[in-house]
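**Q** The lines below spell out each chain.
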Amino acid sequence: MKFKDYYASLGVERDATGEEIKKAYRKLARQYHPDVAKQEGAEERFKEISEAYQTLSDQEKRQAYDDLGRHGPGEEFHPSPEWETRFSRGGGQQEVDLADLFERMGFATGGGSRRQAADFPIRGQDVEVATELSLEQAARGTEVSFSLSVPALRADGRVETQTRSGRIRVPRGVVEGERLRVPGKGGDGIAGGAPGDLYLEVRLAPHPRFKAVGHDLYLELPIAPWEAALGADITVPSLDGPVAVSLKPGMRSGQKLRLAGKGLPHRRDGAGDLYGVIQIMLPERIGEREQALYRELAEASSFSPRHHLEGPTTDG
Amino acid sequence: MDDDLLIPDDNEGCTVALEELLAASGLGHEEVIELVQFGVFRCAQHAPVWTFHVHTLSLACRAARLRDDFGLNVSGMALALTYLERIEALEGRLRELESQLPR
Chain R
1 MKFKDYYASL
11 GVERDATGEE
21 IKKAYRKLAR
31 QYHPDVAKQE
41 GAEERFKEIS
51 EAYQTLSDQE
61 KRQAYDDLGR
71 HGPGEEFHPS
81 PEWETRFSRG
91 GGQQEVDLAD
101 LFERMGFATG
111 GGSRRQAADF
121 PIRGQDVEVA
131 TELSLEQAAR
141 GTEVSFSLSV
151 PALRADGRVE
161 TQTRSGRIRV
171 PRGVVEGERL
181 RVPGKGGDGI
191 AGGAPGDLYL
201 EVRLAPHPRF
211 KAVGHDLYLE
221 LPIAPWEAAL
231 GADITVPSLD
241 GPVAVSLKPG
251 MRSGQKLRLA
261 GKGLPHRRDG
271 AGDLYGVIQI
281 MLPERIGERE
291 QALYRELAEA
301 SSFSPRHHLE
311 GPTTDG
Chain A
1 MDDDLLIPDD
11 NEGCTVALEE
21 LLAASGLGHE
31 EVIELVQFGV
41 FRCAQHAPVW
51 TFHVHTLSLA
61 CRAARLRDDF
71 GLNVSGMALA
81 LTYLERIEAL
91 EGRLRELESQ
101 LPR
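As they're listed, the protein sequences go chains R and A. Heads up: the first sequence at position 78 corresponds to 78 in the numbering used here, and the numbers run straight through without jumps. Heads up: the second sequence at position 98 corresponds to 98 in the numbering used here, and the numbers run straight through without jumps.
Hints are all accurate, no fakes.
Covered by chain R, per the in silico footprint, the following chain A stretches (three or more residues, Cβ under 8 Å): (1) 49-58; (2) 61-68; (3) 82-95.
No wet-lab data here; the hints were simulated from the structure. Quick caveat: nothing in here was measured; it's all calculated off a predicted structure. Quick reminder that beta carbons are idealized off the backbone N, C-alpha and C, glycines included.
Given these sequences and hints, build the entire structure.
**A** This is the structure:
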């Protein structure tokens, strides 16, 4: 069995009081709780913190843990035979993890663990898999394969990790962050409890052209200064092919051109919109003839774009 | 169940019964009723046969996690869920505005 240093997980000394342990846990929970923290690895870290706290916050479990002695984190060790007969059911099998042992200890003592004794039905665990789809897949709907580890109960009452795989039908019209629920396909229930649910969390892969915001898509749409000034018939890409659009004269940078119904489809009918965000572009170099024309334009125009910035401001 | 093609719930139309919500989240009956009163959970159908949109399931699981991991009471859960919802709405708005900026 691999040793885990629960005191180090919580950043407390081995002789810390119950109050100090609680304090350390609260501080770390606030920092790493997956519902609150968004940083990379927060969920893993929280599991570690919470596993440590489950054991150290319970006097009896903490004593049993202390009895294991000191080992380096990750170091292979074998609990004393006495310890094993006390907390471990069945022999020799060492694939169990320290957390499983303490969990079982909860079963044995009926102690304050969130999991109760297995003599009445306990619902199976919910499990979650994540998948990344392209915008095209999200728009059309697709199937994704998954493989995940679920805790399952063996005939002899031990918990073991099983790998399950399968495919999930993703309907069209899913959006970033959506969680699809497949009822009853999570972990097995215990003592006749219902199985948990399987959740598929959808992420949309970055697309080279479009950014998805809910069902709407945004596209950066570069146009030439003269197209902006005079209007133009242009072609705009969309998820289902190019669309012909007429630009009105007088487009400004940042203005949005809305193509209704050209975004991601909704589940049943209708679709989001596609927005072309206008960017007026200049070529990197302009030739002599172009320069001459711009100069002529500058002389002919009375346009003063910074008119409102002239003079002192009223509030000084 | 290898190679089974699993069909998820239809997120828009599907509802779950109160019992299912309680079993899946680990929240208590009273807690759910209070969270409905706070306006954090919206039911699809009120008493006598309560049903909730599938979306409420993930909210309920989150509420139970926050309760267990931070020792929150119902008001605490309601407040945390309201703030988290607001943060998510703001993050959505931020994404929307960022997609309008030139790259």
